[in-house]
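Chains as they are written, first to last, in the numbering used here: chain S, 1 to 561; chain D, 1 to 315; chain C, 1 to 343.
A hint or two may mislead.
To be verified - Derived lysine to aspartate or glutamate pairs resembling DMTMM-like cross-links, with alpha carbons at most 20 Å apart:
#1 S:Lys377 with S:Asp354
#2 C:Lys52 with S:Asp278
#3 C:Lys52 with S:Asp475
#4 S:Lys340 with S:Asp531
#5 S:Lys368 with S:Asp354
#6 D:Lys66 with S:Asp403
#7 C:Lys52 with C:Asp78
#8 C:Lys52 with S:Glu423
#9 C:Lys182 with S:Glu280
#10 S:Lys319 with S:Asp403
#11 D:Lys160 with S:Glu423
#12 D:Lys66 with S:Asp363
#13 D:Lys160 with D:Glu170
#14 D:Lys66 with S:Asp326
#15 S:Lys402 with C:Asp301
#16 C:Lys59 with C:Asp82
#17 S:Lys402 with S:Glu470
#18 D:Lys66 with S:Glu423
#19 C:Lys182 with S:Glu173
#20 D:Lys35 with C:Asp78
#21 S:Lys306 with S:Glu391
#22 C:Lys52 with S:Asp328
#23 S:Lys402 with D:Glu203
#24 C:Lys59 with S:Asp475
#25 S:Lys340 with S:Glu289
#26 C:Lys76 with S:Asp203
#27 C:Lys52 with S:Asp531
#28 C:Lys76 with S:Glu199
#29 D:Lys66 with S:Asp328
#30 S:Lys387 with S:Asp302
These aren't lab readings, by the way, just hints derived from the structure by calculation. This one's a predicted model, so the numbers in the text were calculated from it and none came from an experiment.
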Amino acid sequence: MRKSLLIVVSLLVAASLVLSGCGGKTPAPTGTVQPAVTAVPSPAKKVVTIIFPQEFDTLGPLYTDMWFAWATWQLYLAWAWEFDENNEPFPKLVTEIPSADNGGISADGTVITMHLRDDIKWSDNVPITADDFIFTWQMAVSQQNTVSSAYPYDHIADVSAPDPQTVVITFAEPFAPWLATLWHGILPKHILQPIYDAEGTLDNADWLKNPTVGCGPFLLAEWQSGSFARFERNPNYWSTPAKIDEVFIRFVPEAQKEALLAGDADLGTYIPYSDVPDLENAGLKIVTEPNGYNEGLFFLDDTSGKLGNPGLRDVNVRKAIVLAIDRDAINRDLHYGLTKVPASFWDALPYYNDPPLTNYPYDPGQAKALLDAAGWKDSNGDGTRDKDGVELVLQYGTSISKDRQDTQAVIQQDLAAVGIRVEIQSLDADIFLATYGEGGPAAKGQIDIMEWSDGPVFPDADIYYWLCSEIPSADNPQGSNWFYTCDQKLNDLVALQSTQVDANARQKTISQINQLFYDQIYWIGLWQDPDVYAVGPRLQGEKFSGVTPFFNIADWDIVNP
Amino acid sequence: MESTPNKIAVLIPDELETPPLSLGQLAWRRFRRHKPAILGSVIIVLLVLYAFGSSLFISEADANRKDLSSRLLPPSAAHPFGTDTIGRDILARTVYGGQISLLIGLTAVMVETGLGILVGALAGYYGGAIDSLLMRITEAMLNIPEIFLLIVMAKYFGGKIPNLTILGREYSGSVVVIVVIIGLTSWMYLARIVRAEFLSLKENDFVLAARATGTPNREIIFRHILPNSIAPILVSATLGVANAILSEAYISFLGLGVQAPTATWGNMIDDANRYIETAPWMWFFPGLLILLTVLSINFLGDGLRDALDPRGRTV
Amino acid sequence: MTRYLIRRLLQGIPLLLIISFILFALMMNMGDPVANMGGRRVTRSSDYQRLKRQLGLDKPIYIQYLYWLAGNDWTKVDMDGDGVGETPGIRLGVLRGDFGTSLVDRSPVLELIGERIPNTLILMVAAEVLIVLGALVIGVYSALRQYSLLDHTVTALSFIGYSMPIFFVAMVSMYVFAVLFKRWGLPYLPTVGMFDPQVGETLGQVAYHMVLPVVTMSVVSLASYSRYIRSTMLDVLHQDYIRTARSKGLNSRTVVFVHALKNASLPIATVVGLDLPFLLGGAVVTERIFAWPGMGRLFLDHVSRGDTPVVMGILMLVAVAVVIFQIITDIVYAWLDPRIRYD
């Protein structure tokens with residue numbers, strides 16, 4: 001009996017080892033060697049290893065908004081124009097960025113004309129033409145495709161091609177954020193159109209997971225779900241070939257720091273601040289790149305007066321809150337001084353934060369005085385201020401992360417020192433961010449102080465939360481104005497700025513919004529939330545962008561020390 | 001009549017060596033011999049004193065006081081267990097966290113035992129269709145790995161229960177969630193044991209007698225049969241506390257357990273996840289406490305099992 | 001026997017249906033998979049409606065369950081938002097083997113699971129073999145030398161191992177054997193992953209990367225299995241027939257290994273058999289820490305994003321495996337123990 005048990009067990013072990021050999025997603029790449037055959041790579045081969053703590057769910061443009069997919073696109077795809085380390089646009093597939101001066105933008109701002117380069121081609125030598133752009137737009141707005149977002153293509157009335165190198169885009173109304181939001185990856189028409197015609201949808205196209213054809217400096221060689229993705233140099237690249245031969249991306253959710261310390265990778269991404277001291281001590285370089293995101297507090301200030309604590313509707317109470325929190329200490333102690341307190345929502349876009357706002361200081365004495373003057377005094381001696389029988393108790397919620405939980409605890413203590421009691425809620429992200437229709441607590445106005453990381457539609461300055469039409473209700477369950485604030489002046493300015501194609505006019509409008517945020521304290525900035533990278537000693541020439549992170553990956557080089 | 005004891009003592013001096021022992025006394029004797037179990041009991045008493053008794057010396061405000069300037073300090077005279085990422089004293093936090101961890105363990109077991117006894121007793125006593133239905137449900141739940149069930153339930157209940165304030169202390173709603181889900185995922189084992197006990201006990205004479213005298217079913221179940229099957233229930237409940245404390249630690253490590261502001265030993269280890277090398281005191285002390293608690297409960301349970309085992313090999 | 005088999009299989013079906021319904025109901029209320037599709041931002045309202053409709057999430061729960069079970073190719077789906085169904089559905093439903101596609105990355109669920117199963121199996125089978133063999137050795141020796149110093153030490157150690165949270169063991173061992181050993185110049189083990197991508201997925205690489213996760217898992221389970229084997233062996237060793245065999249003059253080794261162990265292996269085989277299907281679940285925590293691409297990690301990643309089809313797929317797969325293995329165990333039990341008969 002024991003023997004038969006042993007036999008069965010050994011068979012199972014053998015079977016699973018055999019199965020493991022056949023397992024894994026191995027697409028049929030064009031002319032590459034299977035890695036299992038290679039022993040140790042020859043010393044001349046240059047390989048960059050990057051660690052992603054999260055795996056991209058799909059590689060197809062339009063189908064994902066994950067940062068990790070966006071970053072990977074620079075390896076094997078190209079945008080019409082990309083952004084450099086200062087987040088300034090530079091032309092990629094187009095000859096120059098359309099502007100009013102070169103006739104790229106019409107007088108009324110609704111028609112944009114792009115001129116494509118004539119040397120751009122896909123890796124199978126098919127040229128990239130205006131047809132690919134038209135196809136991308138059609139796929140984005142098609143109801144048959146489950147794209148993650150149709151924005152901004154759903155604002156476009158028509159895209160046409162007077163000749164193969166020219167693309168003319170006509171918007172229904174002047175649309176200011178076009179530069180930041182259009183053409184994040186082009187779909188190859190010659191490959192995908194037949195699939196769409198045959199199946200009626202692009203959702204199941206193999207190219208989305210296994211892009212055999214691309215137009216970037218590298219091409220996907222292999223993607224093993226859960227482990228890694230490997231890219232090799234594109235021999236048919238239309239521009240200067242890449243310096244390195246291969247890019248390995250490893251997916252490591254928990255132990256990225258250990259892997260970096262052990263020298264298993266050249267670049268780490270999304271580094272948490274708590275890992276920074278160890279990595280710096282081990283000789284890695286920490287690089288931060290602004291991406292428009294700032295962590296901040298938003299207030300439930302219900303204009304109709306029904307939801308939330310009445311204290312928050314008084315601007316003086318909100319001012320007391322911002323004065324009572326020692327934000328510099330949070331940045332200095334929790335983030336090792338790597339971040340600063342952002343004074344403006346447009347902190348990363350200096351053009352729109354001009355003249356730049358200054359931060360409210362840390363002044364708990366002044367905070368207490370303000371609260372007294374507003375009528376909030378502790379009449380029943382329980383340590384919490386009250387007024388007209390209502391205690392100043394605020395619900396403070398955010399999603400689960402160690403950083404945020406620490407911040408909540410510190411802010412709770414700071415506010416308790418001035419007599420405001422805060423109750424902390426720490427919720428899973430997809431519960432915290434659920435919409436009104438899904439019973440999300442923030443959306444339903446159950447949380448007074450909401451914290452999350454956000455910014456304008458970077459690198460554009462567009463915002464939309466504060467529109468009165470975005471207030472959620474039973475009729476509008478997807479509304480994103482979870483602050484229930486209907487400030488008519490703010491609403492009009494926000495609606496106006498997204499139509500102002502003229503940069504000067506827009507700057508004036510946004511400056512007004514900026515000042516309004518400051519005066520009314522609709523938003524408190526806690527810290528800037530840049531992309532944080534850890535660069536190993538072998539990597540050279542790397543630069544990062546806050547929009548197209550690996551924009552110059554063709555220039556990266558590996559130098560063996 | 002002459003005094004019977006003397007007569008017996010005179011007539012049969014060899015047969016009456018010791019007075020007959022009750023089950024409890026017999027069990028106690030066997031338990032006493034099990035040295036790890038005694039050690040375990042002592043440790044548990046000490047731990048309970050540590051967690052609940054220390055609140056005489058350390059207030060909750062001490063546990064919650066944040067001081068960014070003294071963050072991540074190693075153990076010293078001022079902070080015997082060091083401080084955490086926002087300057088809270090770890091010793092104080094293990095005291096209050098311990099209260100929560102131990103309470104979670106106990107209350108989860110109460111839920112689990114209550115459910116298990118109910119289901120097992122009804123299935124075992126009534127039999128037939130009720131038994132079939134209840135056992136199908138039990139099997140269904142047993143067929144799903146516990147950790148999966150815990151994760152799914154944690155997400156289901158997450159965020160739905162608001163923070164509670166009992167006796168002036170604030171508890172995160174997730175404490176109730178944890179107790180409920182641990183209870184809901186572990187009752188099946190006890191239910192099967194109780195059912196087996198009931199199946200074998202209900203054919204006994206004393207049950208037939210009770211029925212013959214017209215005792216209502218509920219009384220038969222709870223006052224006649226149940227007390228006789230206390231042994232496996234007790235062992236299962238004891239080991240269940242250890243399992244509950246471990247389950248809480250796992251779920252908190254995965255980020256789905258008790259959330260701030262409430263501290264537990266489990267989520268203190270989760271907090272230390274990024275500081276394993278740089279601040280080992282953050283995970284060492286709560287980890288040690290979990291280990292000691294679970295270990296001593298396991299010893300205790302083992303001792304109880306040996307002591308209450310009717311086959312009694314070692315008396 | 002055949003009738004028993006068929007009866008058990010038939011009994012398994014309503015069981016699986018109950019399980020699927022309980023799980024589906026739980027999954028439906030777990031957060032909003034569409035909320036976070038906008039990447040770091042909340043999904044825009046204009047996209048939200050469309051996505052819910054296209055993914056079929058706007059239907060009531062019993063309709064969603066029906067589509068999951070029986071597919072929707074017998075009805076028309078409303079893709080263009082006018083409220084009237086016009087596109088024929090393409091899902092076949094679980095009953096015909098189609099577990100649907102993931103809400104997160106639109107891959108077929110079975111493909112996702114199929115990629116991860118071999119990885120999980122390698123890890124878990126190796127761990128199980130190590131555990132069973134190790135526990136047999138430790139358990140038998142402890143039983144033979146009951147109450148000796150060896151027995152007490154081993155018992156104490158196994159209790160400690162049994163009481164430690166597994167993530168504790170995992171992280172500490174990773175630090176000591178991977179990071180610290182490398183720093184001190186000793187031969188070291190790798191930190192994470194299944195193999196080094198530069199070298200490829202060779203047997204040597206996988207074995208090398210397997211050491212830490214397997215040992216971590218074994219430490220915890222070895223303890224409980226060895227205790228169980230010890231107590232089973234003790235039960236058997238005190239039986240009359242063992243005493244008879246000894247008194248007949250058989251040498252100790254024959255008594256223990258031929259008679260005692262053979263009889264003890266029955267309950268052991270039962271326990272192992274019942275535990276095997278749970279291997280498919282993978283070790284969620286261990287896989288997470290060691291970045292092992294297995295089923296446990298797949299489950300965790302997709303549960304946190306509310307991806308019902310994948311999570312249901314994994315759970316149902318494990319449930320089916322458990323039911324089948326229970327039947328197999330019962331049959332093996334009957335084959336091993338001639339006293340048992342099923343009709």
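These are the hints, each one checked on the structure:
Of the supplied pair hints, the one linking S:Lys377 and S:Asp354 is violated, its CA atoms being roughly 38 Å apart against a limit of 20 Å. Taking the CA atoms of C:Lys52 and S:Asp278, the gap is about 44 Å. The hint is violated against a cut of 20 Å. This hinted pair checks out: C:Lys52 and S:Asp475 have alpha carbons roughly 16 Å apart, not beyond 20 Å. Of the supplied pair hints, the one linking S:Lys340 and S:Asp531 holds, its CA atoms being roughly 14 Å apart against a limit of 20 Å.
Restraint check for S:Lys368 and S:Asp354: the C-alpha separation of about 31 Å exceeds 20 Å, so the hint is violated. Restraint check for D:Lys66 and S:Asp403: the C-alpha separation of about 14 Å stays at or below 20 Å, so the hint holds. A threshold of 20 Å between alpha carbons decides the hint, and for C:Lys52 with C:Asp78 the separation of about 11 Å falls inside it, so the pair holds. At roughly 33 Å between alpha-carbon atoms, C:Lys52 and S:Glu423 are farther apart than 20 Å, so this suggested pair is violated.
With a CA separation close to 18 Å, the supplied pair C:Lys182 and S:Glu280 stays within the 20 Å bound. Between S:Lys319 and S:Asp403 the CA atoms are separated by roughly 24 Å; this puts the pair beyond 20 Å, and the hint is violated. Between D:Lys160 and S:Glu423 the CA atoms are separated by roughly 15 Å; this keeps the pair inside 20 Å, and the hint holds. Pair hint D:Lys66 plus S:Asp363 holds up; C-alpha atoms about 19 Å apart against a cutoff of 20 Å.
Proposed proximity of D:Lys160 and D:Glu170 is supported: the alpha carbons are some 17 Å apart, at most 20 Å. Taken as a hint, the D:Lys66 and S:Asp326 pair is honoured in the structure, with Cα atoms around 13 Å apart against an allowance of 20 Å. Proximity of S:Lys402 to C:Asp301 is assessed by CA-CA distance (about 18 Å); at most 20 Å being required, the pair is judged to hold. For the given pair, C:Lys59 sits about 15 Å from C:Asp82 by alpha-carbon distance, which is consistent with the 20 Å threshold.
For the hint linking S:Lys402 to S:Glu470, the alpha-carbon distance of about 31 Å lies beyond 20 Å, and the restraint is violated. Using a Cα cut-off of 20 Å, the hinted pair D:Lys66 and S:Glu423 holds, with the two alpha carbons roughly 16 Å apart. With a C-alpha separation of about 62 Å, the suggested pairing of C:Lys182 with S:Glu173 is violated against the 20 Å cut-off. A threshold of 20 Å between alpha carbons decides the hint, and for D:Lys35 with C:Asp78 the separation of about 70 Å lies outside it, so the pair is violated.
In summary, the hint linking S:Lys306 to S:Glu391 is supported, as the alpha carbons are separated by about 16 Å, within the 20 Å threshold. At most 20 Å may separate the alpha-carbon atoms for a hinted pair to count; C:Lys52 and S:Asp328 exceed this at roughly 42 Å. Taken as a hint, the S:Lys402 and D:Glu203 pair is broken in the structure, with Cα atoms around 57 Å apart against an allowance of 20 Å. Among the hinted pairs, C:Lys59 with S:Asp475 is consistent with the structure: their alpha-carbon atoms are about 18 Å apart, no more than 20 Å.
For the suggested pair S:Lys340 and S:Glu289, the alpha carbons sit about 13 Å apart, so the restraint of at most 20 Å is met. Pair hint C:Lys76 plus S:Asp203 holds up; C-alpha atoms about 18 Å apart against a cutoff of 20 Å. Distance hint between C:Lys52 and S:Asp531 is unfulfilled; the C-alpha atoms sit about 31 Å from each other, more than 20 Å. With a CA separation close to 16 Å, the supplied pair C:Lys76 and S:Glu199 stays within the 20 Å bound.
At roughly 15 Å between alpha-carbon atoms, D:Lys66 and S:Asp328 fall within 20 Å of each other, so this suggested pair holds. Of the pairs offered as hints, the one joining S:Lys387 and S:Asp302 holds, with about 18 Å between alpha carbons and a cut-off of 20 Å not exceeded.
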